[in-house]
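Trainee: Use the sequences and the hints to build the structure in full.
Sequence lines, in order, name chains R and B.
Its first residue numbered 1, the first sequence is counted upward by one per residue in the working numbering.
Its first residue numbered 227, the second sequence is counted upward by one per residue in the working numbering.
Some hints here could point you the wrong way.
What the hints assert, rightly or not - Okay, derived cross-link-like pairs now, DSS-like style, lysine-lysine, Cα gap no bigger than 25 Å in a straight line: (1) R:Lys64 with B:Lys583; (2) B:Lys583 with R:Lys89; (3) B:Lys416 with B:Lys357.
Said to hold, decoys possible - Beyond 10 Å from chain R on every Cβ pair, some chain B residues (computed): (4) Pro290; (5) Gly350; (6) Lys416; (7) Leu466; (8) Arg557.
Calculated directly from the structure, the hints in this document are not laboratory data.
Just so you know, even glycine gets a beta-carbon here, dropped at the ideal spot from N, CA and C.
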Amino acid sequence: MKDEVIFDLRDVWKIYYMKDVETHALRGVNLKVKRGEYAAISGPSGSGKSTLMHIMGCLDTPTKGKVIIEGRDTSEMDDNDLARIRREKIGFVFQAYNLMPGLTAAENISLPMRFNGIGKGDAQRRAAELLKKVGLGDRLHHNPGELSGGEQQRVAIARALVNDPDVIMGDEPTGNLDSKTGVEIMELIEDLHEKTGKTVIIVTHDRKLAKRAKRQIKTLDGKVVR
Amino acid sequence: MMWEMIFREFERHKLRTALTALGVTIGIFLVTSISSFSEGIMYYVNEQIAITAGLIIVIEDDIPQYAMQQSEIDQDLVEEVRALVGVEDAIPIMFATIDGISITGTNPEDENIIRGVSIELADGSDFEVDKDELVLGYDYAQRNDHSVGDIIEIDDVDFEVVGILEESGDDGIDGGVNTGLLRLQRLTDKEDIVSMIMVKPASAADADIIEQAINDEFDELNAASDQSIMSSVNEMLSQLNMLTFALGSIAALISGIVIMNVMIISVRERRREIGTMKAIGATNRHILLTVLLEAVTISVSGAVVGVILGFGGATAVNSILPQSIALVTPRLIVQGILFAAFIGAVSGFIPARQAAKLDPIEAIRYE
Chain R
1 MKDEVIFDLR
11 DVWKIYYMKD
21 VETHALRGVN
31 LKVKRGEYAA
41 ISGPSGSGKS
51 TLMHIMGCLD
61 TPTKGKVIIE
71 GRDTSEMDDN
81 DLARIRREKI
91 GFVFQAYNLM
101 PGLTAAENIS
111 LPMRFNGIGK
121 GDAQRRAAEL
131 LKKVGLGDRL
141 HHNPGELSGG
151 EQQRVAIARA
161 LVNDPDVIMG
171 DEPTGNLDSK
181 TGVEIMELIE
191 DLHEKTGKTV
201 IIVTHDRKLA
211 KRAKRQIKTL
221 DGKVVR
Chain B
227 MMWEMIFREF
237 ERHKLRTALT
247 ALGVTIGIFL
257 VTSISSFSEG
267 IMYYVNEQIA
277 ITAGLIIVIE
287 DDIPQYAMQQ
297 SEIDQDLVEE
307 VRALVGVEDA
317 IPIMFATIDG
327 ISITGTNPED
337 ENIIRGVSIE
347 LADGSDFEVD
357 KDELVLGYDY
367 AQRNDHSVGD
377 IIEIDDVDFE
387 VVGILEESGD
397 DGIDGGVNTG
407 LLRLQRLTDK
417 EDIVSMIMVK
427 PASAADADII
437 EQAINDEFDE
447 LNAASDQSIM
457 SSVNEMLSQL
467 NMLTFALGSI
477 AALISGIVIM
487 NVMIISVRER
497 RREIGTMKAI
507 GATNRHILLT
517 VLLEAVTISV
527 SGAVVGVILG
537 FGGATAVNSI
547 LPQSIALVTP
557 RLIVQGILFA
567 AFIGAVSGFI
577 PARQAAKLDP
587 IEAIRYE
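Mentor: Structure representation (structure tokens):
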């Protein structure tokens with residue numbers, strides 16, 4: 001299974017229409033990512049690296065071309081199928097953490113499980129387990145506002161892991177953190193990659209961070225360059 | 227499912243949520259308290275009708291039904307009414323309130339016709355027509371802790387309690403006392419005067435004709451069968467119900483608009499949160515239900531407060547009036563709350579659909 005292709009992008013285009021201006025965010029991207037890879041997508045701003053990841057992660061749909069995830073063509077999927085992929089196959093970590101401000105750390109983590117129809121008790125137990133794993137075992141009932149940026153990102157990583165997805169996707173996951181905390185967060189993600197063999201895809205404009213990955217994917221002007 | 231999210235959202239915007247719910251509270255309060263009058267009147271009329279079923283009530287003309295105590299009829303008319311074709315019996319009755327006690331005067335031989343339908347003596351025996359004797363209503367005896375053999379002083383006369391009635395369910399009968407017609411006429415210095423004549427038709431089918439005949443024959447009398455009392459009450463109630471309906475519709479419209487407006491604003495404020503929920507796997511249906519449930523919860527909690535206030539209002543009105551009129555029945559409570567749930571669901575639908583249609587990419591876009 002090691003060589004199984006998880007993501008297969010074929011001639012993917014993304015064009016934004018704003019008033020009369022067409023912006024070509026992606027111009028015919030072809031890309032394959034295999035199970036268990038640790039890849040960094042980097043490139044200058046406006047090169048389409050974020051758009052590329054959003055399309056791979058089913059947050060966004062291509063204007064043209066096909067995105068095939070584990071052999072299934074996403075263009076043939078409806079909203080529910082896409083939500084299921086986001087919920088079960090992919091764990092997202094955002095730059096701004098994106099935790100629900102009203103919910104506690106444990107409740108935030110258990111949310112994707114609750115969307116999967118799992119009861120509160122079971123979800124909370126799993127959340128507690130994961131919080132311990134990311135080093136925040138004592139922050140179960142804290143609200144995001146009571147946590148530091150690094151702690152919030154750890155909670156977000158725990159949330160990304162809760163449904164045991166195949167892929168962890170990070171969109172500038174250290175972008176809002178100081179460099180020391182950023183490195184700690186990257187070490188946490190890399191540790192997960194090492195120990196569980198999860199596929200990790202990181203978007204970053206930070207060259208040093210990108211170099212930590214085993215595979216470099218560089219974007220320029222909406223295309224993937226070697 | 228996502229109750230904790232909904233309640234945390236209310237906690238974050240306590241004032242906004244409370245004000246939104248307040249609109250529903252006011253509407254449901256108004257509708258409940260007005261409806262409680264219809265309910266109450268309907269309840270008491272039905273009870274009254276059950277007791278006087280098939281009888282025709284005759285009182286002085288131009289005196290409304292609820293003011294029977296003021297009705298004064300010349301006792302000679304009783305015989306004239308009894309002589310009409312199709313009349314089996316005409317029973318004179320007098321009502322008076324002395325020393326705060328409401329007293330009904332009848333001839334003992336008529337008692338079984340008046341209350342024989344449902345009310346028996348629980349204890350003792352009947353009074354005699356001209357003696358200082360009383361038969362007490364059930365509630366009156368209970369409230370004042372009286373039993374057979376007790377003496378009650380009315381207008382400086384000592385009356386002996388000779389009997390106590392069974393509970394009838396009618397406030398007028400249960401809460402008062404009964405004595406001989408002649409005795410009460412003497413006590414009130416109104417000999418040859420009665421308050422009401424109860425007419426029993428030989429055939430129940432003739433009630434309409436007899437009612438008409440009495441009204442035609444005697445200018446000074448007003449006859450009404452239970453049927454016609456019922457229909458005039460129904461007419462009044464239908465007017466009250468129309469008012470309630472109009473008021474309810476306006477209240478529903480306004481509070482519905484308020485809820486919709488607040489929910490649209492709230493969804494717009496939470497674009498990023500909703501986008502994030504979708505990005506981590508919530509389906510459109512999850513989002514739709516969460517927002518819809520939020521609107522219904524606001525509306526229903528407003529309604530619960532409204533129903534409680536309506537109940538309080540009805541109790542307050544009853545305590546001012548001599549007889550309990552307003553009645554908040556379980557039916558009214560359930561109706562009010564279901565109505566509010568409906569308002570919440572309808573007004574929450576558009577914002578919920580807007581939320582459900584948001585792109586997961588909103589999670590990143592709005593920062």
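Trainee: Now tell me if each hint is right for this structure.
Mentor: Evaluated hints:
At most 25 Å may separate the alpha-carbon atoms for a hinted pair to count; R:Lys64 and B:Lys583 meet this at roughly 22 Å. Pair hint B:Lys583 plus R:Lys89 holds up; C-alpha atoms about 22 Å apart against a cutoff of 25 Å. This hinted pair checks out: B:Lys416 and B:Lys357 have alpha carbons roughly 17 Å apart, not beyond 25 Å. For B:Pro290, the requirement that its beta carbon stay farther than 10 Å from each beta carbon of chain R is met, with the minimum near 60 Å.
For B:Gly350, the non-interface assignment is confirmed: its Cβ lies about 66 Å from the closest Cβ of chain R, beyond the 10 Å cut-off. A cut-off of 10 Å between C-beta atoms confirms that B:Lys416 is not in contact with chain R; the least separation is 75 Å. The claim that B:Leu466 is not at the interface with chain R holds, since no C-beta of that chain comes within 10 Å of its own (minimum 45 Å). No beta-carbon of chain R comes within 10 Å of the beta-carbon of B:Arg557; the shortest separation is about 35 Å.
Violation of the numbered hints given earlier is absent; every hint is satisfied by the structure.
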